[in-house]
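Student: Residues per chain, in single letters:
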Amino acid sequence: NAGVMQNPRHLVRRRGQEARLRCSPMKGHSHVYWYRQLPEEGLKFMVYLQKENIIDESGMPKERFSAEFPKEGPSILRIQQVVRGDSAAYFCASSPVASPKEGYTFGSGTRLTVV
Amino acid sequence: QQQVKQSPQSLIVQKGGISIINCAYENTAFDYFPWYQQFPGKGPALLIAIRPDVSEKKEGRFTISFNKSAKQFSLHIMDSQPGDSATYFCAATTSSNTGKLIFGQGTTLQVKP
Numbered sequence: 001n002a003g004v005m006q007n008p009r010h011l012v013r014r015r016g017q018e019a020r021l022r023c024s025p026m027k028g029h030s031h032v033y034w035y036r037q038l039p040e041e042g043l044k045f046m047v048y049l050q051k052e053n054i055i056d057e058s059g060m061p062k063e064r065f066s067a068e069f070p071k072e073g074p075s076i077l078r079i080q081q082v083v084r085g086d087s088a089a090y091f092c093a094s095s096p097v098a099s100p101k102e103g104y105t106f107g108s109g110t111r112l113t114v115v
Numbered sequence: 001q002q003q004v005k006q007s008p009q010s011l012i013v014q015k016g017g018i019s020i021i022n023c024a025y026e027n028t029a030f031d032y033f034p035w036y037q038q039f040p041g042k043g044p045a046l047l048i049a050i051r052p053d054v055s056e057k058k059e060g061r062f063t064i065s066f067n068k069s070a071k072q073f074s075l076h077i078m079d080s081q082p083g084d085s086a087t088y089f090c091a092a093t094t095s096s097n098t099g100k101l102i103f104g105q106g107t108t109l110q111v112k113p
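Line by line, the protein sequences give chains L and A. Residue numbers for the first sequence follow the numbering used here, so the first one is 1 and each next one is one higher. Residue numbers for the second sequence follow the numbering used here, so the first one is 1 and each next one is one higher.
Here chain A stands alone, though its shape is the one from the complex (with noise of 0.2 Å):
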């Protein structure tokens, strides 16, 4: 119950394609919805986060689509450029979880110029 399930694993897009990501969870508990980037040798950086209490959240090409009845959330890049390729995680958290996050297994993006 406390997974959170990424797909794809990995992801090929054209420069200046959508890129999305998708992630699934079952614990209805969860209340915050973070995507973190994270470059080779580096540590994870918060890109975009959501409540449940919304079904999109959008900062500059990032979005956050929700959809709460089907415990299903998703990144959108749009114009996606080579300087995003990186890995991508979602990830999940409760307001009682005392600050621990629940990860997706990472999406490895490659966008060819």
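Same shape as in the complex, but just chain L (with noise of 0.2 Å):
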């Protein structure tokens, strides 16, 4: 088992590029978790997605991001017209189930710099 694919591992954009984010869970995961770590800081939340629907979006920033989880294929986190403060290392997490308590792993995360 390959455990949770998270590419590419660093992505580098200019201001006002766009970032995409991928994450592939691990075999027979169907619930993907976002978060987003910033320098120094724990990692926050940022969205839950079962295959084709977003469950929770709470701790997504309203403008500029979304996310996705196709029936087919990995998850997508997009970030449009990126900004400076959007330089962090953002981690996603698979699991069988919806809950922390039983197989919750998370990927190596993808490293964005905003130059």
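Please note that the accuracy of each hint is not assured.
Per label pair, the in silico range of CB-to-CB distance [stated by the list, open to error]:
{"id": "1", "chain 1": "L", "residue 1": "R9", "chain 2": "A", "residue 2": "V54", "range": "34 to 42 Å"}
{"id": "2", "chain 1": "L", "residue 1": "Q81", "chain 2": "A", "residue 2": "V54", "range": "46 to 54 Å"}
{"id": "3", "chain 1": "L", "residue 1": "S66", "chain 2": "A", "residue 2": "A45", "range": "37 to 45 Å"}
{"id": "4", "chain 1": "L", "residue 1": "G3", "chain 2": "A", "residue 2": "R51", "range": "20 to 28 Å"}
{"id": "5", "chain 1": "A", "residue 1": "A29", "chain 2": "L", "residue 2": "Q80", "range": "34 to 42 Å"}
Hints listed in this document are in silico derivations from the structure and should not be mistaken for laboratory results. Where is the CB? At the ideal position from N, CA and C, for every residue including glycine.
Hints are included, so try docking the two chains, each in its own frame, into the full complex.
Tutor: Now the structure itself:
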């Protein structure tokens, strides 16, 4: 089992460009969670998705950020018109159930740098 | 009310010593308290977790102590080793939170040989 795969590992974007971060969950996991980690801070929840559905997006900024988890393929976190403040590490976690108590596994993250 | 406060921000311990990291919460609906370990360039990995119906849980050199009345819990690392040098995060969630974790700010632990 390959674990949760995130790519790219590092992403550099100029201000105003779009960033697309991908997360392939573990086999058998249909629940995906995205978190953002700013420098010297803990992880902050952004969004929770199941296949083709956004279940909880209470942590997503209202503008420029969107997420999807299509029927086929990885979950995508999209940031439009990036700004310097978007520079952070973005982690996804996948789980077989809607709970961190069983098999909740994090990927190694995508480190976004906006220049 | 959704916050989890973690201290200290950083910690230096000699090899063989005890590392203690503390967390406090406000939301009495929290019913699951995991600790995660994160090495540089990696994602967080579950270390140990506790439910509020027990006051202590031990796994090897790692122990969680839980004080429900004070709404505090702590991680103790016994016989700390240089390989334990990492960032540690406490977290909390509720059964109705659909798996969303609320993380503390993190503690960077350095164990000196």
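Student: With reference to the structure, classify each hint as holding or not holding.
Tutor: Status of the hints after comparison with the structure:
1. L/R9 - A/V54: 34 to 42 Å: The hinted range 34 to 42 Å holds for L/R9 and A/V54, with Cβ atoms some 38 Å apart.
2. L/Q81 - A/V54: 46 to 54 Å: holds, 48 Å
3. L/S66 - A/A45: 37 to 45 Å: violated, 28 Å
4. L/G3 - A/R51: 20 to 28 Å: holds, 26 Å
5. A/A29 - L/Q80: 34 to 42 Å: holds, 35 Å
In summary, the structure is inconsistent with hint 3 from the numbered list given earlier, while agreeing with all the others.
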